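The primary structure of each chain is shown beneath.
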Amino acid sequence: SQQGEEDPQALSIQEGENATMNCSYKTSINNLQWYRQNSGRGLVHLILIRSNEREKHSGRLRVTLDTSKKSSSLLITASRAADTASYFCATVPISGGSYIPTFGRGTSLIVHP
Amino acid sequence: ETGVTQSPTHLIKTRGQQVTLRCSSQSGHNTVSWYQQALGQGPQFIFQYYREEENGRGNFPPRFSGLQFPNYSSELNVNALELDDSALYLCASSTRTSGLSYNEQFFGPGTRLTVL
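Heads up: the protein sequence lines correspond to chains A and B, in order. Each number in my numbering corresponds to the 1-based position in the first sequence with 1 added. Each number in my numbering corresponds to the 1-based position in the second sequence with 86 added.
In short, the hints are calculated from the structure, not lab data. Incorrect hints may have been included.
[Said to hold, decoys possible] Here are some chain A residues pointing at chain B (derived, C-beta under 8 Å):
#1 Ile14
#2 Gly17
#3 Gly43
[As the list claims (entries may be wrong)] Output of the computed footprint for chain A on chain B, the stretches with three or more beta carbons under 8 Å from beta carbons of chain A:
#4 126-139
#5 190-201
[To be verified] Derived CB-CB ranges, DEER-like:
#6 A/Ala82 <-> B/Glu190: 41 to 51 Å
#7 B/Gly102 <-> A/Ile95: 38 to 48 Å
#8 B/Arg143 <-> A/Arg42: 42 to 52 Å
#9 B/Gln127 <-> A/Ser13: 13 to 23 Å
#10 B/Gly102 <-> A/His58: 33 to 43 Å
The structure presented is a predicted model; accordingly, all values stated were derived computationally and were not measured. Think of the CB as a built atom: it goes at the ideal place given N, C-alpha and C, for glycine as much as any other residue.
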């Protein structure tokens with residue numbers, strides 16, 4: 002079963018616009034991570050946000066975390082055609098021993114030039 | 087490039103056969119995880135190895151097995167292949183530290199397995 006669920010499933014925007022993707026999860030987490038995947042390739046880690054953090058930035062990326070609502074959002078500002086990819090959130094639960102991220106099904110982002 | 091390599095890139099097998107996929111972790115990483123990603127889905131966790139011992143397993147049958155070697159490279163073995171095993175298999179390496187610290191995972195490019 003999927004712990005994190007991204008919304009929307011697909012997003013199509015014009016270059017220069019902002020893209021917002023959301024992730025909801027069910028159980029308490031140690032941290033939440035966002036990844037990007039170009040078609041059929043490996044995942045690239047974007048940002049890790051811990052449960053005691055509310056917001057993190059990295060370049061044009063902004064991630065927020067609301068543990069009371071069990072949700073996170075990824076904002077890509079001033080999007081570029083090269084941002085076209087699938088974006089996944091992965092949650093790492095609070096548990097002793099193993100730290101196993103559980104991925105959602107992803108949001109497919111298309112940025113039109 | 088993450089420094090994590092996987093081989094082979096593509097593989098075609100027939101139902102009932104066995105397959106071994108290989109992963110070379112990024113230098114200094116002591117943890118490797120394997121994921122199966124079906125088309126249009128997110129990666130599904132298979133298992134994780136930490137210092138050569140299995141450290142967690144997802145909902146996969148025993149015919150999925152693995153090894154981690156002293157140099158932190160790893161293998162994923164799948165016996166009695168089924169059509170549904172067709173997927174992209176990803177390995178990811180990371181560094182485990184004590185306590186609740188958890189570091190990001192670095193993914194390899196994946197092995198595309200097709201079972202006919």
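Cross-check of the supplied hints:
no.: 1; hint: Ile14; verdict: 21 Å, violated
no.: 2; hint: Gly17; verdict: 28 Å, violated
no.: 3; hint: Gly43; verdict: 4 Å, holds
no.: 4; hint: 126-139; verdict: holds (count 8)
no.: 5; hint: 190-201; verdict: holds (count 8)
no.: 6; hint: A/Ala82 <-> B/Glu190: 41 to 51 Å; verdict: 26 Å, violated
no.: 7; hint: B/Gly102 <-> A/Ile95: 38 to 48 Å; verdict: 41 Å, holds
no.: 8; hint: B/Arg143 <-> A/Arg42: 42 to 52 Å; verdict: 25 Å, violated
no.: 9; hint: B/Gln127 <-> A/Ser13: 13 to 23 Å; verdict: 20 Å, holds
no.: 10; hint: B/Gly102 <-> A/His58: 33 to 43 Å; verdict: 51 Å, violated
Of the numbered hints listed earlier, those contradicted by the structure are 1, 2, 6, 8, 10.
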